[in-house]
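Colleague: Spelled out from the first residue to the last, the chains are:
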Amino acid sequence: MVLESTLGQEKSVTEILKNGAQQSANLIETTAIANSDGSFISMFTIFILAIFVGYYVIWNVTPALHSPLMSVTNAISSVIIVGALIAAGPKEIDITDVNPAKIFGFVAVVLASINIFGGFMVTQRMLQMYKKKVR
Amino acid sequence: MSENFSAIAYLIASIFFIMALRGLSSPETARNGNMFGITGMVIAIATTLASPSVVSYDWIIVGLVIGGAIGDIIARRIQMTALPQLVAAFHSLVGLAAVFVASAAFYQPAAYGIGDFLSIPTPSMIEMSIGTAIGALTFTGSIIAFAKLQGIMSGAPVIFSGQHLLNAVLGIIMVALVVMICDEQSEQLYWTIVGLALLLGILMIIPIGGADMPVVISMLNSYSGWAACGIGFTLSNPALIIVGALVGSSGAILSYVMCKGMNRSFISVILGGFGGETSTTGSVTGDRNVRAGSADDAAFIMKNASNVIIVPGYGMAVAQAQHALREMADLLKKEGINVRYAIHPVAGRMPGHMNVLLAEANVPYDEVLELDEINRDFPSTDVAFVIGANDVTNPAAKTDPQSAIYGMPILDVERSATVLFIKRSLGSGYAGVDNELFFRENTMMLFSDAKQMCEDIVKALE
Numbered sequence: 004m005v006l007e008s009t010l011g012q013e014k015s016v017t018e019i020l021k022n023g024a025q026q027s028a029n030l031i032e033t034t035a036i037a038n039s040d041g042s043f044i045s046m047f048t049i050f051i052l053a054i055f056v057g058y059y060v061i062w063n064v065t066p067a068l069h070s071p072l073m074s075v076t077n078a079i080s081s082v083i084i085v086g087a088l089i090a091a092g093p094k095e096i097d098i099t100d101v102n103p104a105k106i107f108g109f110v111a112v113v114l115a116s117i118n119i120f121g122g123f124m125v126t127q128r129m130l131q132m133y134k135k136k137v138r
Numbered sequence: 003m004s005e006n007f008s009a010i011a012y013l014i015a016s017i018f019f020i021m022a023l024r025g026l027s028s029p030e031t032a033r034n035g036n037m038f039g040i041t042g043m044v045i046a047i048a049t050t051l052a053s054p055s056v057v058s059y060d061w062i063i064v065g066l067v068i069g070g071a072i073g074d075i076i077a078r079r080i081q082m083t084a085l086p087q088l089v090a091a092f093h094s095l096v097g098l099a100a101v102f103v104a105s106a107a108f109y110q111p112a113a114y115g116i117g118d119f120l121s122i123p124t125p126s127m128i129e130m131s132i133g134t135a136i137g138a139l140t141f142t143g144s145i146i147a148f149a150k151l152q153g154i155m156s157g158a159p160v161i162f163s164g165q166h167l168l169n170a171v172l173g174i175i176m177v178a179l180v181v182m183i184c185d186e187q188s189e190q191l192y193w194t195i196v197g198l199a200l201l202l203g204i205l206m207i208i209p210i211g212g213a214d215m216p217v218v219i220s221m222l223n224s225y226s227g228w229a230a231c232g233i234g235f236t237l238s239n240p241a242l243i244i245v246g247a248l249v250g251s252s253g254a255i256l257s258y259v260m261c262k263g264m265n266r267s268f269i270s271v272i273l274g275g276f277g278g279e280t281s282t283t284g285s286v287t288g289d290r291n292v293r294a295g296s297a298d299d300a301a302f303i304m305k306n307a308s309n310v311i312i313v314p315g316y317g318m319a320v321a322q323a324q325h326a327l328r329e330m331a332d333l334l335k336k337e338g339i340n341v342r343y344a345i346h347p348v349a350g351r352m353p354g355h356m357n358v359l360l361a362e363a364n365v366p367y368d369e370v371l372e373l374d375e376i377n378r379d380f381p382s383t384d385v386a387f388v389i390g391a392n393d394v395t396n397p398a399a400k401t402d403p404q405s406a407i408y409g410m411p412i413l414d415v416e417r418s419a420t421v422l423f424i425k426r427s428l429g430s431g432y433a434g435v436d437n438e439l440f441f442r443e444n445t446m447m448l449f450s451d452a453k454q455m456c457e458d459i460v461k462a463l464e
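Those protein sequences? They're chains A and B, same order as listed.
To get the working numbering, take the position in the first sequence, counting from 1, and add 3.
To get the working numbering, take the position in the second sequence, counting from 1, and add 2.
Mixed in with the good hints there might be a few duds.
[To be verified] Covered by chain A, according to a simulated footprint, are these stretches of chain B (three or more residues, beta-carbon under 8 Å):
no., stretch
1, 81-94
2, 97-103
3, 314-326
4, 359-366
5, 387-399
[Stated by the list, open to error] Below 25 Å or equal to it, Euclidean Cα-Cα: the simulated BS3-like pairs (lysine-lysine) are:
no., chain 1, residue 1, chain 2, residue 2
6, A, K135, B, K336
7, B, K336, A, K136
8, B, K305, B, K262
9, A, K136, B, K400
10, A, K134, B, K262
11, B, K305, B, K461
12, A, K136, B, K305
Hints listed in this document are in silico derivations from the structure and should not be mistaken for laboratory results.
Quick reminder that beta carbons are idealized off the backbone N, C-alpha and C, glycines included.
Pulled out of the complex, with its shape left as it was, chain A reads as follows:
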């Protein structure tokens, strides 16, 4: 009796595990379907390769220029503006019925462009100061 019940339990555990595995397989499948052309994998590939490129490029930056590095990376990370432009860009059918997305997009455009203009200009100002010894 005891043995049987344990066996039964074991069976149910394996069933649960099986179900779990099946479910996660389903999830992965839906993930793949959602990114129909397998784009997640290609985006992920780009992501990992870019980290490697970043790693080798940044180690080559001279420590004297670490401050300009911070401000220029700040400026280029504002390329996030491309997402804001898409949100702020759709045609308004009725001015009284503005989609919240458009407002969010507009705010993001303002924020990102402060960063783009400010970031590149401050970097330029900094870099202009670095001079070689006059011999």
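Mind docking chain B on chain A? Use the hints.
Modeller: What follows is chain B alone, placed relative to chain A:
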């Protein structure tokens, strides 16, 4: 514009961004690098504007003009000494922009081709939540860093019991919320995630003290990159992913360099509290002799030297002494004295802070050397002139295993024939550690404001 064409354009923009960072490997190529960055940005924006999903330009133009004008004014007016705050403020903007872009995508996913409102496919929802959470965290974290650097808020660590437990619990709740929103999407859940991330950003940065700011700024730099990455995945935009990964790894490497400069683990910096408890024990100040000198003494000693190494620190930035210092160095050089500058990796409040200030004062960058390059030269140096630095010169880091800064790489100023040490009083440094250098026989203390002392020495030299 066809999809393939814009994909190529984004690729070209990404290459320009990589070239921008590549340019920073030397000051000569750096200005071109910045131009590459600007070009990349123009290409990326133009490509998006030409895409079929963007049809009305009025809001965009207004936004660009407002943002551009504000950015322009800030960049022109900012003082170079306020640079760390400015960078922190800019990081907060990237974070906030990421939150807004994610929110726009949440309310109008169709515009980005990721399903409909409240029925966004799970993977996109995960990417979006991660992007918005990191963005929100970067935003408030940077605001706190800004407040500490600007002096709006005390630089001292804010510590309470159960702090780390609270952060850990909030972190777990955050993960749970992301799982829940994938299961059933709702506006409330989305904004709860944003709110919680905003709170976490504050809680993460308040325990970190002022002198750890170089690590914090680099870390927030890294976060802003990962936030951009999260958004890039949501929008399936390769340019955003590439830039995000570049910025993310750049910030991570800078954090690593800064931690190494302090001989501290990244974890211990994040947990914070460093320099919170000022050492009440072992205060030897008072019953030991200190040799104090005047500007005239300092001028005399340096005039008779043949090699001088200047060691600047955060105190120089606070006193805005870089111009007076350069004037002093110019007079010494006229006397035929070899003057160089030694920069510790964590001097100042952000990576490379001292280099920028010296460059601003027209110090040629080839006279400014890093710790590894110059440390060997101290024994053959006549005068080490320490201005506004303290802990980075403390010999206790090499000799006293009990010291809070034990193991930190330091500039071996005590090996030079004479150490001139400008300091306002005999207080301990940021780490709350006494500097035994003050009591050495070859040290002469110059008690004054850094700028005032440089000006007085200039007068004495003339």
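Colleague: Could you run down the list of hints and mark each one as holding or not?
Modeller: Structure-based check of all given hints:
no., hint, verdict
1, 81-94, "holds (count 6)"
2, 97-103, "holds (count 5)"
3, 314-326, "violated (count 0)"
4, 359-366, "holds (count 4)"
5, 387-399, "violated (count 0)"
6, A:K135 to B:K336, "18 Å, holds"
7, B:K336 to A:K136, "14 Å, holds"
8, B:K305 to B:K262, "36 Å, violated"
9, A:K136 to B:K400, "34 Å, violated"
10, A:K134 to B:K262, "28 Å, violated"
11, B:K305 to B:K461, "13 Å, holds"
12, A:K136 to B:K305, "22 Å, holds"
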